[in-house]
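*Asks:* Protein chains in written order, with this note's numbering: chain A, 1 to 192; chain B, 193 to 654; chain C, 655 to 807.
Please note: incorrect hints may appear among the correct ones.
[What the hints assert, rightly or not] With a Cα cut of at most 16 Å, we get these calculated EDC-like pairs of lysine to aspartate or glutamate:
1) Lys230(B) with Glu780(C)
2) Lys541(B) with Glu567(B)
3) Lys789(C) with Glu737(C)
4) Lys553(B) with Glu567(B)
5) Lys348(B) with Glu584(B)
6) Lys495(B) with Glu724(C)
7) Lys552(B) with Glu584(B)
8) Lys609(B) with Glu584(B)
9) Lys704(C) with Glu239(B)
10) Lys495(B) with Glu464(B)
11) Lys789(C) with Asp503(B)
12) Lys609(B) with Asp768(C)
13) Lys631(B) with Asp605(B)
14) Lys560(B) with Glu451(B)
15) Lys148(A) with Asp67(A)
16) Lys789(C) with Asp605(B)
17) Lys609(B) with Glu316(B)
18) Lys704(C) with Glu584(B)
19) Lys631(B) with Glu316(B)
It should be emphasised that the hints constitute simulated quantities derived from the structure, not laboratory data.
Chain by chain, the residues:
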Amino acid sequence: MGLEDLSHNFLTGNIENLVKWARRNSVWPATFGLACCAIEMMSAGAGDYDLARFGMEVFRASPRQADLMIVAGRVSQKMAPVLRQVYDQMMEPKWVISMGVCASSGGMFNNYAIVQGVDQIVPVDVYAPGCPPGPETLINAILTLHAKIQNGEITRRKGTGAGISIGEVKRKSNVGTLAKKNTPKTVKIVSK
Amino acid sequence: MTARSSSKFIKRFRSSPLDESTATGLVGETSEGTQEMKTRNETNRVELEREEGQLTVLPEGIVLDHGDMDIEISEDETMIINMGPQHPSTHGVLRLMMELKGETVLRTKPVIGYLHTGMEKTAEGLTYVQGSTNVTRMDYLAPLHNELVFSLATEKLLGVEIPPRATWIRMLMVELNRISSHLMWMATNGMDVGSTSMMIYGFRERELVLSFFEKVTGLRMNHNFIRPGGVAADLPDGWYDDVSAIIDTIPGRLDEYGEMLTGQPIFRERTEGVGILTQEQAISLSASGPVLRSTGVAWDLRKDIPYLAYDEVEFDVIIGSIGDTFDRFAVRLSEISESLRIVRQILEKMPSGPYRVQDKKITPPPRKRIDESMEALIHHFKLFTEGIHVPEGEAYVAVESPRGELGCYLVSDGSAKPYRMHIRAPSFVNLQSLPAMLKGGLLADAVATISSVDPIMGEVDR
Amino acid sequence: MLEAVIRDAQGVFFPTMDQYVDLMESLWSSDYKFCSDLCGVDYLEMPSRKLPEGVKAERFEIVVNVTSFETRSRLRVRLQVQESNPHLPTLYGLYPGTEAMEREVYDLLGMVFDGHPDLSRILLPEEWEGHPLRKDYSVGRIPVQFKASTAIR
Ligand code: SF4
Chain A
1 MGLEDLSHNF
11 LTGNIENLVK
21 WARRNSVWPA
31 TFGLACCAIE
41 MMSAGAGDYD
51 LARFGMEVFR
61 ASPRQADLMI
71 VAGRVSQKMA
81 PVLRQVYDQM
91 MEPKWVISMG
101 VCASSGGMFN
111 NYAIVQGVDQ
121 IVPVDVYAPG
131 CPPGPETLIN
141 AILTLHAKIQ
151 NGEITRRKGT
161 GAGISIGEVK
171 RKSNVGTLAK
181 KNTPKTVKIV
191 SK
Chain B
193 MTARSSSKFI
203 KRFRSSPLDE
213 STATGLVGET
223 SEGTQEMKTR
233 NETNRVELER
243 EEGQLTVLPE
253 GIVLDHGDMD
263 IEISEDETMI
273 INMGPQHPST
283 HGVLRLMMEL
293 KGETVLRTKP
303 VIGYLHTGME
313 KTAEGLTYVQ
323 GSTNVTRMDY
333 LAPLHNELVF
343 SLATEKLLGV
353 EIPPRATWIR
363 MLMVELNRIS
373 SHLMWMATNG
383 MDVGSTSMMI
393 YGFRERELVL
403 SFFEKVTGLR
413 MNHNFIRPGG
423 VAADLPDGWY
433 DDVSAIIDTI
443 PGRLDEYGEM
453 LTGQPIFRER
463 TEGVGILTQE
473 QAISLSASGP
483 VLRSTGVAWD
493 LRKDIPYLAY
503 DEVEFDVIIG
513 SIGDTFDRFA
523 VRLSEISESL
533 RIVRQILEKM
543 PSGPYRVQDK
553 KITPPPRKRI
563 DESMEALIHH
573 FKLFTEGIHV
583 PEGEAYVAVE
593 SPRGELGCYL
603 VSDGSAKPYR
613 MHIRAPSFVN
623 LQSLPAMLKG
633 GLLADAVATI
643 SSVDPIMGEV
653 DR
Chain C
655 MLEAVIRDAQ
665 GVFFPTMDQY
675 VDLMESLWSS
685 DYKFCSDLCG
695 VDYLEMPSRK
705 LPEGVKAERF
715 EIVVNVTSFE
725 TRSRLRVRLQ
735 VQESNPHLPT
745 LYGLYPGTEA
755 MEREVYDLLG
765 MVFDGHPDLS
775 RILLPEEWEG
785 HPLRKDYSVG
795 RIPVQFKAST
805 AIR
């Protein structure tokens, strides 16, 4: 049977791009508001800035249903294990945006109570600067992430270190990438 | 699918075993030991009563003996559940542990500290000039109130009078801030009781106020605008029209929201008679702000211990009658109107003149003078490298923030940095009334009640 | 009853440890029913401070602010607490609202309130060592490092 027998239109493409396209357009963030930045995150989701334009208005309360963790605010020593636990509960593929200087580097609170950068706990994909980053900055960070998802590898890196991003994982051939999804996670894709 | 085939299925599609980084180390240790709620036989009697929301001392005197209370419940009938710190309706990182019997809440214990930022320690390392950058990040819905209370305390120690225009600019800003904070509260409270439209509307109106703030201070939040000695900058051109536009737009919409929420049975059912706090309990527990006023105590620091120029404007103190969740909603809704009334008067009365103290030791010289005069340059340099030297002493100042009595206790040792700065955070204290409010209620009502206290975790944990 | 010292148009009491509870009780019965604030101060680096005659300066101080709704006024109580024996009675029985505040003082300054129903850490994690608001506890500042990023851009 040849393609000409089909009576309707069709597009061709490779499955990887299709998967990436689908992922990019429905990144669901987890509600992980911590401090002041969380308010701006909520503003971004509300009417004026309207994250729904990017398929992201559903903030999932359960980490199991979320793809993206926006760490919005300062992470204290007491919260750090909780944050890691929430991150571990999220399903692969998952991404992290570190929103605001506090989450990115501790910001102005260089003291005993605050974790100096959330990248010590979870791998961060995009850092959004600002204190607080306005909704526009957050949306820019999200669009950056979208671009990374679109252009990156669809197998997911596994790492706990700092600043590993999708883009830097070496591209392998497309063949069999989907099957590789189920490779044991202990095999670390080392980024350099 | 039979049991066997399902296990095969699971085996086949099971994801890989946990890798080491997730299985050990950082993960899983979220227990807080003695800070958590314990079972009944591990808890002492006084603590049990506290978690049950029972008080033995009320303003009229001793009401109950410890022996009188009925706290004997068999442990088999109850269970302790944990809510938070990552939970959509706990307003940030509040964690509540509740003992339930069926659906009824018997005991409640808030576990806090998940946002502890060490701000009081940080403040000791910052000069008075830098100090308001720090405090503004505590209560992030009412940053201007935090700056105000810090500046007032510093000025009290310095013994300076700020010029009238600075006072009135401060009043304008904090009242607008109260409006935006209450709007934000209505939005989140609406979301908690299931009214998503309120959420979207509340944020829309808040943007109105925020864009004005952005124009004046340069930032949407965490402004660092009110500083010891006055305010950072004068109001920009066209502020009058901007503020007029805000106070003309909001009242009509407020009526709409009042109608939208109170005019429908679902909202009323969910809030009326839920989470009641009595007047005596509120005073005993040191609750303040709308939580206290909703019980019928007309205590508003703006009226009772006036600061700024609140004795020159007219407004009413809104009180509730029975202190339930609905009352707390109604108090806040009406307070927005009262704030609008104050803002309207401020528009008429705004005096002209300097917007900060004309003392070279406290406020920097204007930009133009720095270019012309060496002396001004030196003062500017000294001020920003060294800061203000504040005479030795201590002062406690309190203002009425949207959440209640916001106090600042400041100790100075004569240097340019505070020796000790303590913030009396209203949400921190108000949270203690949760056990009394939730006791005997349903778990489903807990969400509405928590949000009605309006805790801001940044301020609770500081 | 103790005489209040007037500072900044506000009465300040300096009770001794024995007078503390009695003083608070008499304040409570004379309409100061609302405890605004309770906090602690560590005066390690400021041993010579202005105190009235007869008050011996100790390392720690507890500061309580009480408010009267009737007279619309505030009073402050400053209690000296010894470094060697940082124990003092709780006010929970009188002002239940001080429960969390006392826990905070215990957590951050390490003063022990005898008779408090549940004296545990409140802001810091359970296994934390030390009391950060003490003056001999460092801020915990970590020097900022600027590492070259390894990311390929
Ligand atoms: S970055 Fe700024 S706005 Fe964000 S949490 Fe930190 S202090 Fe708050």
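*Asks:* All the hints need checking, so say for each whether the structure fits it.
*Replies:* Comparing the hints with the structure gives:
no., hint, result
1, Lys230(B) with Glu780(C), "holds (15 Å)"
2, Lys541(B) with Glu567(B), "violated (35 Å)"
3, Lys789(C) with Glu737(C), "holds (12 Å)"
4, Lys553(B) with Glu567(B), "holds (12 Å)"
5, Lys348(B) with Glu584(B), "holds (11 Å)"
6, Lys495(B) with Glu724(C), "holds (13 Å)"
7, Lys552(B) with Glu584(B), "violated (20 Å)"
8, Lys609(B) with Glu584(B), "holds (11 Å)"
9, Lys704(C) with Glu239(B), "violated (39 Å)"
10, Lys495(B) with Glu464(B), "violated (28 Å)"
11, Lys789(C) with Asp503(B), "violated (40 Å)"
12, Lys609(B) with Asp768(C), "violated (33 Å)"
13, Lys631(B) with Asp605(B), "violated (46 Å)"
14, Lys560(B) with Glu451(B), "violated (52 Å)"
15, Lys148(A) with Asp67(A), "holds (14 Å)"
16, Lys789(C) with Asp605(B), "holds (14 Å)"
17, Lys609(B) with Glu316(B), "holds (6 Å)"
18, Lys704(C) with Glu584(B), "holds (8 Å)"
19, Lys631(B) with Glu316(B), "violated (40 Å)"
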